[in-house]
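Next come the chains, spelled out residue by residue.
2 protein chains.
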Amino acid sequence: MESESKSKPSSYAQAGVDIHKAESFLTRLKVSARRDGHRRLWRGSGGYASVYPIQGDSAVALSTDGVGTKLLLAIEQDRYDTIGIDLVAMCVNDLLCVGATPSVFLDYYAMGALDERVSDLLMEGIIEGCDRASMLLVGGETAEMPDLYDKGHFDLAGFAVGTVKRDSLITGDELKGGERIIGVSSTGIHSNGLSLARKLIKEDSPLRAEMLTPTAIYTKPVVRIFSEYPGIIKGLAHITGGGWTNITRPKEALGYVIDKHLPVPEIFKHLGTTIEIEEMYKTFNMGVGLCVMADAEEVEHIISIFKACDFEAMEIGEVTADGPALIIRNAPGAEGEIFIHTKAT
Amino acid sequence: MESESKSKPSSYAQAGVDIHKAESFLTRLKVSARRDGHRRLWRGSGGYASVYPIQGDSAVALSTDGVGTKLLLAIEQDRYDTIGIDLVAMCVNDLLCVGATPSVFLDYYAMGALDERVSDLLMEGIIEGCDRASMLLVGGETAEMPDLYDKGHFDLAGFAVGTVKRDSLITGDELKGGERIIGVSSTGIHSNGLSLARKLIKEDSPLRAEMLTPTAIYTKPVVRIFSEYPGIIKGLAHITGGGWTNITRPKEALGYVIDKHLPVPEIFKHLGTTIEIEEMYKTFNMGVGLCVMADAEEVEHIISIFKACDFEAMEIGEVTADGPALIIRNAPGAEGEIFIHTKAT
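Heads up: the sequence lines are chains V and C, in that order.
FYI, in our numbering the residues of the first sequence are 51 to 395.
FYI, in our numbering the residues of the second sequence are 51 to 395.
Extracted from the complex, chain V is given alone in its bound form (with noise of 0.2 Å):
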């Protein structure tokens, strides 16, 4: 139940952003989208990437997502350099989440008309992200179609490519419940819940500016926790537009129980005073960009990689048998137990 505010969105939906219609949508395209060549693919479409067997037991992942409004804010501070990054850290992260090593990355650029100081700061930003990714920019799309962006506007969609070997795939099927969950810092925001984010934090205030902080990119860490400890992660969440629901991903049909936390960036902190706790868990990453699962014995190897990558991390929380669904106890600012019931898929 959400509370009315006349002045202030307090949920996505208020914010104009209607999940459970997008929700059905995807149902509805799932259905429609079907073939049997689907049953080729190592990972269909409803996990974080698609993987597509292309030799022996070499494949690649794909994946696909933009900036959402984070670049509304990029134009109203005129700060065009660091967009690029969470651009390439939303296709990244994902890439990850199913085992795969990132490989190469195309860019979709759409605007009004092309400003020649503002594009070549967004492809900075995009060329930055890919040095942090790991990734080459092989190739684009810079599309002028004055007739649709308003003067200054533009739109920015990125595609990722990894590869990943059959036995190094993360399925999720692994977790039985007992693993460890690991949970890495993000650096604020990222880049979801920004329509809503946008509408509460007042242009003038300097919160402002740190919301255009971009998205961490977990390449470095991950990658070599692949080949440093092949085999030992057995989940992997990016925590993106959902909140923490992702963190039910890999196996929806277990538990997921939190109890311990990484500190809240203050700017959560500020949106909490608004909206209502569990609404904030489903909506932001709370500071927790990341979540590795794994058995007890690894969380120690894993955290050390992530804090020599300059990384917070720590052991959050445990998968559990009794599922689906997301405990969150002692939350910073919550009193009880917050529940949030997962769908099983």
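Be careful, since some hints might not be right.
When chains are identical, the list treats them as one kind, so a pair holds in a single copy or across two.
As the list claims (entries may be wrong) - Below, in silico cross-link-like pairs of lysine-lysine (DSSO-like), each with a Cα-Cα straight-line distance of 27 Å or less:
| id | residue 1 | residue 2 |
| --- | --- | --- |
| 1 | LYS249 | LYS201 |
| 2 | LYS201 | LYS71 |
| 3 | LYS249 | LYS319 |
| 4 | LYS252 | LYS201 |
| 5 | LYS80 | LYS270 |
| 6 | LYS201 | LYS80 |
| 7 | LYS310 | LYS357 |
| 8 | LYS226 | LYS310 |
| 9 | LYS249 | LYS71 |
Just so you know, the hints here were simulated from the structure itself, not pulled from any lab data.
Since the structure of chain V is already known, use the hints to place chain C on it.
The following block gives chain C in isolation, referenced to the frame of chain V:
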């Protein structure tokens, strides 16, 4: 030199699209994106598609594109079921040009607010396009951005992946001069030059509806040639943005002389009353959606396969060693010879 017109644009630039600015942006981008790793690519980002090796002699070919302002025509005519076919076509026809067999597709779909009727029809088109292109739709992103897109507006980007073996790659390097050029019919204006055409063809003209005819998808005949006559295609050119200058893309240092012509669709005759003939050929497909280059003795095989797949196809000219140039002789409605000095890159 372009003639000035106060009322109607007679070139792409006057329609608000600055191709030279876009080209100089892309040149700067290519330089700044360059990394050592790009040497691994079998085909770089300058061509129709990038080719990235996966294992042994297997690689993936990657392309991305949008439909440009053709989607504004779809909105204007409240006809949403075919623009997705254009999206797939623009991507997949590029993939074919490097010798790849199309396999999977992802879409990015952004809009102001999700309208269930419109989005279902758009996806119907994308799925129909994938069926025609022999691809599976394996993923996508749907983004609601109420503050970026006007009510009823949306954008679409596509990402296509194909597979190619090293010895099936079409690089254009084998072209020496002397090869024949086969022109394959388009289905009309396809998805380029629409910003200009929309301004020249009145809203009450019957040609307005015709402009929405979906772009031809050449997968079936081209893949059939790949499999029945491997190696005979030495160059493939998808005639898209830049019109017939695309004919020279397989190997820009050479000359390309066109002296026979497929029928020119009515829409181009109409546009030709306002636009100079050279500008027409530099902007539109003029009835030729794809050019195939092969030795004289293979022409008949190639034409027969296109005809079996319901395309018109005929020998329209020849590759010569005298380049870089595109020479168009006996063009319907043009006097003398059109000489387009193309750049060698």
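Hints, verified against the model:
1. In this assembly of identical chains, the alpha carbons of LYS249 and LYS201 lie at most 27 Å apart whether taken from the same copy (22 Å) or from different copies (19 Å).
2. In this assembly of identical chains, the alpha carbons of LYS201 and LYS71 lie at most 27 Å apart only when taken from different copies (16 Å versus 30 Å within one copy).
3. Proximity of LYS249 and LYS319 under a CA criterion of 27 Å is satisfied intra-copy only: 15 Å inside one chain copy versus 51 Å between copies.
4. In the homo-oligomer, the alpha carbons of LYS252 and LYS201 lie at most 27 Å apart both inside one protomer (24 Å) and across protomers (25 Å), since each shortest distance falls under that limit.
5. Taking CA atoms no more than 27 Å apart as the test, LYS80 paired with LYS270 passes between copies only; the shortest distance there is 25 Å, against 33 Å inside one copy.
6. Within a single copy, LYS201 and LYS80 get their C-alpha atoms only as close as 36 Å, which misses the 27 Å cut-off; across copies the closest is 26 Å, which meets it.
7. In this homomeric assembly, LYS310 and LYS357 come within 27 Å of each other (Cα to Cα) only inside a single copy, at 18 Å, whereas the closest approach across copies is 67 Å.
8. For the homomeric pair LYS226 and LYS310, the shortest alpha-carbon distance inside one copy (21 Å) is at most 27 Å, but the shortest distance between copies (68 Å) is not.
9. In this assembly of identical chains, the alpha carbons of LYS249 and LYS71 lie at most 27 Å apart only when taken from the same copy (21 Å versus 35 Å across copies).
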